[in-house]
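Student: Using this note's numbering, the first residue of the sequence shown is number 1, and each one after it goes up by one.
I should point out that these hints are in silico values taken from the structure, not numbers from a laboratory.
It is possible that part of the hints are untrue.
To be verified - Below, simulated DSS-like cross-link-like pairs (lysine-lysine); rule was C-alpha separation at most 27 Å, straight line:
no., residue 1, residue 2
1, K42, K127
2, K250, K221
3, K243, K113
4, K221, K127
5, K243, K42
6, K221, K242
7, K92, K250
8, K237, K76
9, K237, K46
10, K186, K217
11, K76, K46
12, K144, K76
13, K76, K229
14, K76, K250
15, K217, K144
16, K127, K46
17, K186, K144
18, K46, K111
19, K112, K42
20, K92, K111
21, K46, K243
22, K92, K109
23, K127, K169
24, K42, K250
25, K217, K229
26, K76, K92
27, K42, K111
28, K229, K46
29, K229, K144
30, K76, K42
31, K42, K246
32, K76, K246
33, K237, K186
34, K250, K237
35, K221, K237
36, K237, K113
37, K229, K127
38, K92, K237
39, K76, K221
40, K169, K186
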Amino acid sequence: MHYRSNCCDSDHNIIELKKDGLFSRLIESYIREIFNNIPGSKDLIKYYFDLLNEGLNVGYSPTSLFYDADLASALKNDIALFSAFKESSFRKQLESFLTENGEVVPWSKFKKKALELNVEYNERYLKTEYHHTVATANNVEKWKSFVADADLYPNLKYNAINDSRTREKHRILDGLILPINHPFWKDHMTPIDWGCRCDVEQTDEDPSDVIPEFEAKAGFKNNAAISQKIFGEIAYKDTLSKKEIKDAEKAAIDLLEE
Numbered sequence: 001m002h003y004r005s006n007c008c009d010s011d012h013n014i015i016e017l018k019k020d021g022l023f024s025r026l027i028e029s030y031i032r033e034i035f036n037n038i039p040g041s042k043d044l045i046k047y048y049f050d051l052l053n054e055g056l057n058v059g060y061s062p063t064s065l066f067y068d069a070d071l072a073s074a075l076k077n078d079i080a081l082f083s084a085f086k087e088s089s090f091r092k093q094l095e096s097f098l099t100e101n102g103e104v105v106p107w108s109k110f111k112k113k114a115l116e117l118n119v120e121y122n123e124r125y126l127k128t129e130y131h132h133t134v135a136t137a138n139n140v141e142k143w144k145s146f147v148a149d150a151d152l153y154p155n156l157k158y159n160a161i162n163d164s165r166t167r168e169k170h171r172i173l174d175g176l177i178l179p180i181n182h183p184f185w186k187d188h189m190t191p192i193d194w195g196c197r198c199d200v201e202q203t204d205e206d207p208s209d210v211i212p213e214f215e216a217k218a219g220f221k222n223n224a225a226i227s228q229k230i231f232g233e234i235a236y237k238d239t240l241s242k243k244e245i246k247d248a249e250k251a252a253i254d255l256l257e258e
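Based on the sequences and whatever the hints tell you, model everything.
Tutor: See below:
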C-alpha cells in the first residue's frame, strides 16, 4: 500500500498573537469611542483582517506549486467578511454594557467589562481563529495536490490523533478511506472543529465499506478548496440584526477596496 501525504506538510510555526502597545492603544481608543457614542473605528476590522490574511498566506503560500490566485482571492473575501462580522459582534456586546438597570454606567465600570470582553474576543477567540485559518489554508493546498495526483492515489484516508485529547466524534472517523470524489469530502475536510488536529492523507488503499455515523459541528461542514470559504458559517453573524449584517457586509467590501 502507498500513501502520499507529505507534499504539503509544513511547519506552520504557529505564533502567539502579539500583545503590542499599538493594539492595546487601538482597543483603548475603540472602547472609548463606543462609550462616547462615536461609531467604532474601522481599524479593528483591518487588524482582524490583516492577521487572518497573514494566516491564509502561511497556510496557502503564494509560492506554492498548487497556488490558485482566484481561489486565494475568494478565501481572502471570506476573511474580510468574517472580520467585519467579528467587529460588529464585539461592538454590539460593548454597547450592551453602556447601561445597567436603565442607568448609564460610569466609564470605569464600562472599561472594566469591556477589557474583560476584549480578552475573550481578541485574545482567546482570535488566537483560535488564526490557528484555524492556517490549518484550513494548509488543507486547501493539500486538496489541490490530492486532485493533481488522483490518478495515482485515488482515495483519501482520515487520520485522527489518538491520544487523551482526541474527541470521540473525531476518533470514530480514524482510518476511514473514501474516493477523493466521494461527497463525504465536500463537508468533512479537516479541520472539523476548533483546534482539530486530525489530518487527511492520499492513498491507494481500498475504500472502507462503511462510513461511521457522524454529524459535523455547525459551521464546520466545509472543504475550503471547494466552498472557497475559510470559516463556512460565521457564528458572529447570528448575533446581528439584518441592518447590522448589511452594514458589516458593506464594511467588508470597503476593506477589500482599500
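Student: Hint by hint, which ones does the structure fall short of?
Tutor: none
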